[in-house]
Amino acid sequence: AQSVTQLGSHVSVSEGALVLLRCNYSSSVPPYLFWYVQYPNQGLQLLLKYTSAATLVKGINGFEAEFKKSETSFHLTKPSAHMSDAAEYFCAVSVPRNRDDKIIFGKGTRLHILP
Amino acid sequence: DARVTQTPRHKVTEMGQEVTMRCQPILGHNTVFWYRQTMMQGLELLAYFRNRAPLDDSGMPKDRFSAEMPDATLATLKIQPSEPRDSAVYFCASGLTSLAGVGNEQFFGPGTRLTVL
Chain X
1 AQSVTQLGSH VSVSEGALVL LRCNYSSSVP PYLFWYVQYP NQGLQLLLKY
51 TSAATLVKGI NGFEAEFKKS ETSFHLTKPS AHMSDAAEYF CAVSVPRNRD
101 DKIIFGKGTR LHILP
Chain B
1 DARVTQTPRH KVTEMGQEVT MRCQPILGHN TVFWYRQTMM QGLELLAYFR
51 NRAPLDDSGM PKDRFSAEMP DATLATLKIQ PSEPRDSAVY FCASGLTSLA
101 GVGNEQFFGP GTRLTVL
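Taken in order, these protein sequences are the chains called X and B. Each step along the first sequence adds one to the number in my numbering, with nothing skipped, and position 101 is 101. Each step along the second sequence adds one to the number in my numbering, with nothing skipped, and position 65 is 65.
Isolated chain X, as found in the complex (with noise of 0.2 Å):
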């Protein structure tokens, strides 16, 4: 069965530095790969996502993740944080087999913000 594991529930940056979420996935077919966000008080919204074309992808708000099939990761990132960057990231995987519309979603990492 697919599954992702995100690595760390919180994660620190300071304004202006690096962000990087990492995300790991497990799945016996080539998956589709997600990254959602969540602000406070609002449903997920989606990021952006990996669909076998372009490994590099690039997302809303300056986001972009990369898939490498060898390390089975999905990691996102962001060169230069902004306070309003400060939410909850869920990585997600779905397996295009059996017509499954469904998709798992990791256990998210809450994203803090460091004036």
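Keep in mind the hints are simulated off the structure, nothing from the lab. These numbers were taken from a predicted model, which means no experiment stands behind them. Think of the CB as a built atom: it goes at the ideal place given N, C-alpha and C, for glycine as much as any other residue. One should not assume that every hint holds.
Chain B stretches covered by chain X per the calculated footprint, using a threshold of three residues with CB under 8 Å from any CB of chain X [as the list claims (entries may be wrong)]: (1) 42 to 52; (2) 87 to 97; (3) 106 to 116.
16 Å max Cα-Cα, derived EDC-like pairs, lysine to aspartate or glutamate [stated by the list, open to error]: (4) 102(X) / 44(B); (5) 107(X) / 44(B); (6) 78(B) / 68(B).
Derived CB-CB ranges, DEER-like [to be verified]: (7) 64(B) / 5(X): 28 to 34 Å; (8) 26(X) / 38(B): 19 to 25 Å; (9) 10(X) / 64(B): 30 to 36 Å; (10) 56(B) / 82(X): 35 to 41 Å; (11) 42(B) / 112(X): 16 to 22 Å; (12) 28(B) / 84(X): 27 to 33 Å; (13) 112(X) / 58(B): 33 to 39 Å; (14) 84(B) / 69(X): 44 to 50 Å; (15) 52(B) / 46(X): 22 to 28 Å.
Chain X is already provided as a structure; the job is to place chain B on it using the hints.
Okay, now just chain B, sitting in the frame of chain X:
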């Protein structure tokens, strides 16, 4: 700007009462998902529908929870009777499955925050 809507946004009720949460998926979407989010368990899938048919409700406590789609524009999640452990934020999400049946992105509603006293 198409979006998923959920009502009510907040609900406070007493143990034993019936709770009904409603969701209007994005027009044209054919999949609907219900999730529950708590601090302890994170995001849990409760049920999902495709073309209004329930495909998976294995994550839902069957004795007290029920999910339906009376029509393509309305999904409901009902808890009867409610218990304090049901206190959580309940999210509805909708999506559009491709002909290939791959897992496409889901669009989330703002959630219903349920408190059972």
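Notebook entry, point to check: When you take the CB atoms of residue 28(B) and residue 84(X), is the distance between them in 27 to 33 Å?
Noted result: holds (31 Å)
Checklist line | Assessment of proposed distance window 35 to 41 Å (beta carbons of residue 56(B), residue 82(X)) | finding: Roughly 38 Å apart at Cβ, these two residues keep to the hinted range, so it holds.
Next item on the list: Could you check the hint for me, namely that residue 64(B) and residue 5(X) are 28 to 34 Å apart, CB to CB?
Entry: Given range 28 to 34 Å: holds, Cβ gap about 32 Å.
Next item on the list: Please test the hint of 19 to 25 Å on the beta carbon pair from residue 26(X) and residue 38(B).
Entry: holds (24 Å)
Item checked: Verdict for residue 10(X), residue 64(B) (Cβ pair) under range 30 to 36 Å -> Given about 33 Å between the Cβ atoms, the range holds.
Check: How about the segment 42 to 52 of chain B: do at least three of its residues have a C-beta closer than 8 Å to a C-beta of chain X?
Finding: Answer holds; 5 residues pass the 8 Å Cβ test.
Next item on the list: Can you let me know if the beta-carbon spacing of residue 112(X) and residue 58(B) is within 33 to 39 Å?
Entry: holds (35 Å)
Next item on the list: Apply the coverage criterion to the segment 106 to 116 of chain B and chain X: a residue qualifies when its Cβ sits closer than 8 Å to a Cβ of the chain, and three qualifying residues are needed.
Entry: holds (count 6)
Next item on the list: Given the hint that residue 102(X) pairs with residue 44(B), test it: the Cα-Cα distance must not exceed 16 Å.
Entry: Distance of about 12 Å is within 16 Å: holds.
Margin query: Please check whether the segment 87 to 97 of chain B has three or more residues whose CB lies within less than 8 Å of a CB on chain X.
Written below: With 4 residues in contact (Cβ-Cβ under 8 Å with chain X), the coverage given for the segment 87 to 97 of chain B holds.
Check: So the hint says 22 to 28 Å: do the beta-carbon atoms of residue 52(B) and residue 46(X) match that?
Finding: holds (24 Å)
Next item on the list: For the range 16 to 22 Å, tell me whether the beta carbons of residue 42(B) and residue 112(X) fit it or not.
Entry: Taking Cβ atoms as reference, residue 42(B) and residue 112(X) lie about 18 Å apart, which means the hint holds.
In the structure shown, no violation is registered for any of the earlier numbered hints.
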